[in-house]
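2 protein chains.
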Amino acid sequence: MKTIKYPNKDTWSEILKRPTREKKNLEKIVLDVFEQIKKDGDKALKSYTAKFDGAELKNLLVSKQEFAEAAAATPDNLKVAINNAAENIFKFHKVQETEEEKIETQPGVECWRKVTPIEKVGLYIPGGSAPLFSTVLMLAIPAKIAGCKEIVLCTPPNKEGEINPAILYAASTVGCNKVFKLGGIQAIGAMTYGSESVPSVYKIFGPGNQFVTAAKQMASLDGVAIDMPAGPSEVLVYGDETGNADFIASDLLSQAEHGADSQVVFVTCIDSLIDDVKKAVLKQLSELPRKEVASKALDNSTLILMKSEAEALELINEYGPEHLIIGAKNEELFMNSITNAGSVFLGNYTPESAGDYASGTNHTLPTNGYAKSYSGVSLESFTKKITYQRISKEGLKALGPTIEIMAEAEELFAHKNAVTLRLNELK
Amino acid sequence: MKTIKYPNKDTWSEILKRPTREKKNLEKIVLDVFEQIKKDGDKALKSYTAKFDGAELKNLLVSKQEFAEAAAATPDNLKVAINNAAENIFKFHKVQETEEEKIETQPGVECWRKVTPIEKVGLYIPGGSAPLFSTVLMLAIPAKIAGCKEIVLCTPPNKEGEINPAILYAASTVGCNKVFKLGGIQAIGAMTYGSESVPSVYKIFGPGNQFVTAAKQMASLDGVAIDMPAGPSEVLVYGDETGNADFIASDLLSQAEHGADSQVVFVTCIDSLIDDVKKAVLKQLSELPRKEVASKALDNSTLILMKSEAEALELINEYGPEHLIIGAKNEELFMNSITNAGSVFLGNYTPESAGDYASGTNHTLPTNGYAKSYSGVSLESFTKKITYQRISKEGLKALGPTIEIMAEAEELFAHKNAVTLRLNELK
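So the sequences go chain by chain: A and B.
Heads up: the first sequence at position 283 corresponds to 736 in the numbering used here, and the numbers run straight through without jumps.
Heads up: the second sequence at position 68 corresponds to 521 in the numbering used here, and the numbers run straight through without jumps.
A hint or two may mislead.
[Said to hold, decoys possible] Here are the computed lysine to aspartate or glutamate pairs in the EDC-like style, where the Cα-Cα straight-line distance is at most 16 angstroms:
id, chain 1, residue 1, chain 2, residue 2
1, B, K547, A, E553
2, B, K547, A, E552
3, A, K470, A, E847
4, B, K547, A, E554
5, A, K567, B, E833
Please keep in mind that the hints were generated in silico from the structure rather than gathered at the bench.
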């Protein structure tokens, strides 16, 4: 952990620099896998799954029986917890439904928008070190509320060809029954191009390693939309004299345990809090199972002492953290002045892990500074808005000349003519 | 124009195939220009403007005097038209403002979202054959309503170093005063990396040629968001026995005159209407100044006869047109069943050019089938939503165990500990 005191503004961007991931040349690997999938469909998918996941599969689709077995294998207390979280996530995303009024921009000119679900979506849930069933809830619940007709979920099997029971339980709980045993590039390729078993989709969501990220990026160049660009997860915690060093340390460590490239930043105007937080971090770290990963992340972490709350706010907005935890007396000031952040956690009893799992907010959030221009995943991510307009005869008589003049000034005479013809008929 | 009667469903995707643009290798050209801009700033920008636009510029920024001269040079009737359009566009985008309620997902767990403007945005307005001042309105008006602090507009100068007066008039009318004389790759590079004169931005909007498109794509891989992937413009017109062949032809030609690669499709269930439309197109075409461009686009256009409205609707949704014009008795059926389109124009007196210029809807729309997953540009495109949450002590006591169980099942023990520590303190 590096401590930086009263940094000059012109050094901020250097201090807050995210690690640039080595751009490995994955493009060719991805394109090769995509080509094989386009050519051989399921056969290619099964062969990659054997190669990369070590599983020989008869069927890619998870069967009803497997769902039933998974439900039986999921502990009851975990089921209750998943249901509690699912309910909160449902409530928070359900209120995101909007309806817009039809307006007359001028007499006889009616314009409106209609929210329409994206018909086919694909959800990717990584396997790897931990079974991320919470991400199933975060993606499938808004997809269901939106009314997406086809919801495809891909997640890699283990060597025995099995999916973690909690993932299947979470999926079936939220009504997502089309789960395929597919991971990595081949999962993204399957959802992009389709195969005998796997339907192609219009938009792909979900986190993943560098191969998944590269595959999503290549897919996005070939007509499929993706949720957002991916980067390592990050948290910035701000604390003042009301802050609790133990709580702050636990939040910093929550982030650090995600991966060695996780970004962890602590900002305060209270000098003594820096040492207290450092000590608490070291104490808690020693008891963590993932302490190796966490301590690598902590090597790149920064504790920054600022002169004033106003300056701290400026620094926070310059960084644009994915997660921002604010423990401050002057909470109102922060709430009103934060312009760049993915998700904000207010107060000493609002740990990041609440939002990661169960409070109801989505945990798929913009990283790497993208909070400056992107929102996290929400109901809107699974819908699009179609604009409609209807112009009456009287409406066109009034608006027509404006269109004619503008079209002519842009030298688009067919555009003008489409109005002139109609106005002539109305004479 | 190709006529296709009663195509089998398995041929639709072939019939409706968009032309694949030759992927020229523009990556290296773009990266070279970007490198120079990062290195030499304004000097590089001026040198590229001299090279590509033939203009030797002292200042990249349009001066107050130039704005005044442009206002004087814009004809009064065009000013009135621009103001009329601007007012309608303002009204339609203003009602897109939303406010979301704060909800308690469970007692003591408050969650909400706050709409926040994207602080810095860049608008690109192409020069080229026609001065697209209408696009200035379509991008700058929602940016202003959103409350974006920094709005940068780039548009290429002519050889004399001048910008078309209507572009400057439109920009100043909507309060967009930071206009730079920059086009092509160098404009996108300037807004991505910044220079002495040009501020860098977080999101870039606007249409452009293949160089601009490639530059936006490369910029998007380097941390800047973009509005949407670009493709040639397209229209699908549906008409039944209430359709007017002349009106339909004029709408098809409005699209065709945009460029040789414009996509123009006519769909009907009335056999005789196909010949009527063809004749009307040929008649109107001969009188158009841009008839060469339009007839190239018409070479690739398709007139399709379908068996039923239901089948036509299915085909329309499969195509997902940018612009969809519906002239049908059974308008309600279409309104309720369209799932994939950018903007829909209903009735015989609602030409596409109304939406292109002045009805109020946005004309920056998803092409190339992206209507299946993207909305057009709207107020939301200039904002993001930050999620907030605040959990009370009682709230955490109730929700905490759920978080602990889920975190442990995902093997993320620091996440669990962030809750456990707090619950222990509350005991």
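In rising order, the numbers of the hints this structure does not comply with: 3
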